Amino acid sequence: MTSVAPDPLPVLARKDFVSDQEVRWCPGCGDYSILAQTQKLMPELGIPRENIVFISGIGCNSRLPYYMNTYGFHSIHGRAPTIATGLKLARPDLSIWVITGDGDGLSIGGNHLLHIIRRNVDVVIVLFNNRIYGLTKGQYSPTSEQGKITKTSPLGAIDYPINALSFALGAGATFVARSLDIDVHHLIATLERAAHHKGTSFVEVYQNCNVFNDGAFIEFADKAVRPDRTISLEQGKPIIFGKEQNRGIRLNGTTPEIVELGNGVDESDLLVHDESRPDRTVASILTRMEYPEYPVPMGVFRAVERPTYNELLEGQIEEARSREGEGDLEALFAQGDTWVVD
Amino acid sequence: MTTKDEDEIQELDRVTIRFAGDSGDGMQLAGLQFTNTSALFGNDVSTMPDYPAEIRAPTGSLPGVSAFQVSFSSYEIYTPGDEPDVLVAMNPAALKTNLPDLAKGGTLVVNADEFNETNLRKAAYEDNPLEGDQLAAYRVIKVPITSMNARALKDSGLSPQQIDRSRNSFALGIMFWLYERPMEPTLHWFEEKFAKNPAVAKANATTLKAGYNFGETAELFPDHYRVRKANLPPGRYRNITGNQATALGFLTASRLAKRPLLYASYPITPASDILEELAKFKRFGVKTFQAEDELAAIGAAIGAAFGGALGLTGTSGPGLALKSEAIGLAVMTELPIVIIDVQRAGPSTGMPTKNEQGDLLQAMFGRNGESPVAIVAPATPGDCFNMAIEAIRIATRHMVPTIFLSDGYLGSGSEPWIIPSLDDLESFEVTSPTDAETFEPYARDKETLVRPWAVPGTPGLEHRIGGLEKSDTTGLISYDPENHMRMVAYRQQKVERIADDIPELTVLGKPEGALLVLGWGSTYGAIISAVQRAQSSGLSVSAAHLRYLNPFPRNLGDVLARFDKVLIPELNLGQLRMLIRARFLVDAIGLNRVTGRPLKIREVEEQIYKLVQQKAVSVA
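In order, the protein sequence lines correspond to chains A and B. First residue of the first sequence: 31, per the working numbering; consecutive thereafter. First residue of the second sequence: 80, per the working numbering; consecutive thereafter.
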C-alpha cells in the first residue's frame, strides 16, 4: 500500500469565523470587542470550524452565536450550560463555548452555572458582566452594586451583589479568569488560556453597557488609572501594581494589604501569584478584592487539572465494557427468570 | 408427612392476593416471589405494588403500611384484580387500611401476635378487631406468625430483630401451600439474594418451609386451591414492570435508530426506576446523566439531540411542568427529543405514589404559543417497550419532541412479557445531511414537512438555531408577519402528518354498535376486561384503545361515527373526552375517577350496562 499524505488542514483566518449576519448590538457596546477577539482567536486554536459550537442563553450577549460562523445554539434564559453539558456528553469531540451574562448566568441560570462548574464539564464559559439588564432595558442585575438606581430600584437596589469569580471558585472551578472588554490584548490572551484548559474554564469579562450602565467599570478600567487600580496577575510572580510598579499585595493572615515597596518592604514580602495551588483559599481572597478598597485583579486566578465529567463518563463506559463485554441486547431481554409457553 | 386428599383441592380460575404489612415487613418481596413463582408455574399474572410515600413511617402506623397485590389466573387477565380475594395482614394498621378493599366473604390471614395493645393503638383501633364480630363477613384465619417464625428460627443464631425480618417468608410459605405453589424458585432466590449472608438465606428458607408445613398440618384452612396454567400465546416469557420495559424499549430504540442514547433525568417518584435501570446499561454505550434539576435534564437532552444523539429525559407531572419552556425550545428548533412522563396524582406534589392520568392536557397544551408535540401512551407494562420504540421512531423521523405518557400504575405494575427477538424489530435509521451545496437548516421535506437533522462536525453545514422565530428555509431570525404565520402552520401540520406514519385504531369487537368504550393508557386492562364480559353477555359494545394521542390515528373519526354512544373512562376529570368532543363534535360520556387507584373492571362494567340498557329503554 502506498502511503498517502493527509490533506493539509486549511488555514483559516478571522473572516472565516464571521457569519453573514448583521451585528445588532448598540453602537459602542462592549460586546463588539469580545466578539472581535473571539473571532480572532478561533483560527489560532487549529480546531476545524465544524467542530466548534457556541451556545448561549438569553440577553444581549447571547446573540453572539449568530455572529460566529460555527455551529451555534441560542437557547433559553439561563439554560445554556445544560445544553452544553448534554452536547459535550454526547459529543466529546466538539469544542464548546458557552456565552452568558450576569443575569443569564448568575440569576435565572445560577443553578446550572454552579453544576456545570462543579462537574468540570470540558467547556469554555464566557460571562459578560455589565452589571445591568440591558435587553430588558435597564433593570438592576445580581451583580449591580447595592444602592444602584434603576427603573426597578428607584430608591436604590437593596440586593447585595454576587461576585462571579467567588461563585465559580466556590463551585470548585478548575479555571477562573477575568478580563476587560477594552483591554483587547489581555482579553484574547485570557480567552486563549481558557480554550486550552481541559475542564470548565470560567472567564468573567467586564463589559460596558454604554446605554443602560455606561461607565460601570470606568473608575478602575479607564486607561489612565488602570495601572494603579487593577492588578495584572502573572503566574509565579509577586503581585505588584501601579504605574511606577511600586506597590504590591501582602497577606496579613487572610487579609490582603496594599504595601509600598521600599522602606523595609521588598518583593519577598509580597504574595506570589500561583494559579496552580490545589487549595482555593488564596485565589478566593484575590477574587474578593474589589475597588475602591483594593485594585481589581485581572487575569487567571486559578488553573488546575482534574478529570473532566465527560472523561469520567466515557471511562465508566469503557470500564463496564472491558469488565462485562459489549452489551448483548437479547440476553438483557431474557434476564432473570424466564419460562416457555408452548 | 401426611398428604391431604385430592378432593380437598378446589379449582379456581383466578385469585387475587394482597400482602399488606409495615413498610419494613418485606411485603413487596413476598409479593414479587409469589408473582414470579406463579408466572413460572404458567399462570397469567398481573401485579400492583402500593407503597407509602414515606420511606420509613413509624413502625406499626397507618401511613407506614406497604402492600403488594398479585392476581394470577388460568386465563388471560389484564388487571391485578378489582379487589383481593385474600388479604394477608401482618399488623393491625395493615388490616385497617386494606380491609375496605377485601371482597365480602374473602379470606383474611392475620398475624395474630401483632394485635397487641400498642399496635392496636397505633392503628387507632379501640377494640381488638380479632375479637367480637367486626370481621364476621370474612373468613378469618388467625396465625401467630411472629411467634411461630421465632420458634422456627430459634437455633438460627440470628438476633431477634433479624429473626423478625423473616416473618414475610413464613407468611409466604402459608400462601404457597394454600395455592399449591412450588417453593423451589424462592429457595433458589434466597440463595442468590443472600449469597453473602448464608445464615439469613438459611433462615428464610427454614421459615418459608415452616409456613408451608404449618398450612398443611394446622387444618386452619378447610381446603386449598389450584389455579391451573393459563393458555397464553406461545413464546418465552419473563415478568416485567412498565418502567423496566420503558428502559429496555429506549435502549432498543437506540439500536434500531443507530444513534447513541443520552438519558438525562432528575430523580422523581414514580419515574426514578428508569434512570436506575438505564444507569446499569453502560456496557451498551448508554450515557445517563443525573441532572441538577428538571430544566437541566431536558436541556441536556436537547443538547444531545443537537449533537445527533437520541436525547431522552424522564419525569413525572411536576417535572413536566418545569420542562415546559424547554419543550417549546425543542418545538422551535425542531429537534428530536423524547420526554417520558410517568404520571402521578396531582396537582402540585399531589400523591406521589398514587396513580392518575392527569397530564394529558398538560402534554398537549402546557406551553406558551402554538407548540404542538407528538404524544404516545403505552397501554400495559409490557407495551411500554413497544411505545418507547415508537416514541423514538416518531421523534427522529419527524424531528419533533415526543411525549411518552406512562403512569405509576404501569411503571411499577408488572405482567408476563414475551421476550422479543431483535430480528422481529424494524430499524428506522434517519440520516443526517452532509452536502454543503444544497443544505438549508429549515428546508422541509415536501411530504412530511420535516427539516434536516444536521449535526456539528459536518463541514460546511455550520448553522445557528435557537428559540427565536425562524425564517422559512434559511432558519435565520425573522419577525416577518407572514413568515411567522407560515412557520406556525408548518409546525402544526408537521405533527398532524405523523398520522400517515402510525397504525390505524383497531376496534375490539364489532366495528359498529350501541356503545364504544374508548380509552388511553393504563385503563386498558379494566376497559378490555369489562367490555369482554359485557360482550359475552350479548351487549352491543366494543372497545378501542388509543396508544397515539397526538396526532390521533387517522381513522378515529370513522370509528367514533359508527357507534350510538361513546364512553371514555379516564383517571381524570375528562381530558381525552374534551379533546374528542372538540375534534369530532361527538357527545362522549365520561367515566372519571381520581382516587389515586387504578380503574376497576366493575366500574366500567356498571357504566356499560347503564348506557346500553338506557338505550334499550328509550327504544322501547
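No lab work stands behind these hints, which were simulated from the structure alone. From a predicted model like this one, the values you see are computed outputs, not experimental measurements. The beta carbon of each residue, even a glycine, is placed where N, CA and C say it ideally should be. Heads up, a few of these hints could be off.
[What the hints assert, rightly or not] Simulated coverage check for chain A against chain B, where a stretch passes if three residues somewhere in it have a Cβ under 8 Å from a Cβ of chain B:
#1 100 to 106
#2 119 to 126
#3 138 to 151
#4 196 to 208
#5 292 to 299
#6 356 to 366
[Said to hold, decoys possible] Computed cross-link-like contacts, SDA-like style, restricted to lysine to any residue with a CA-CA straight-line distance of at most 20 Å:
#7 B:337 to A:295
#8 A:228 to A:81
#9 B:337 to A:123
Kindly indicate which numbered hints from before are broken by the structure, ordering the numbers from low to high. 4, 5 and 7
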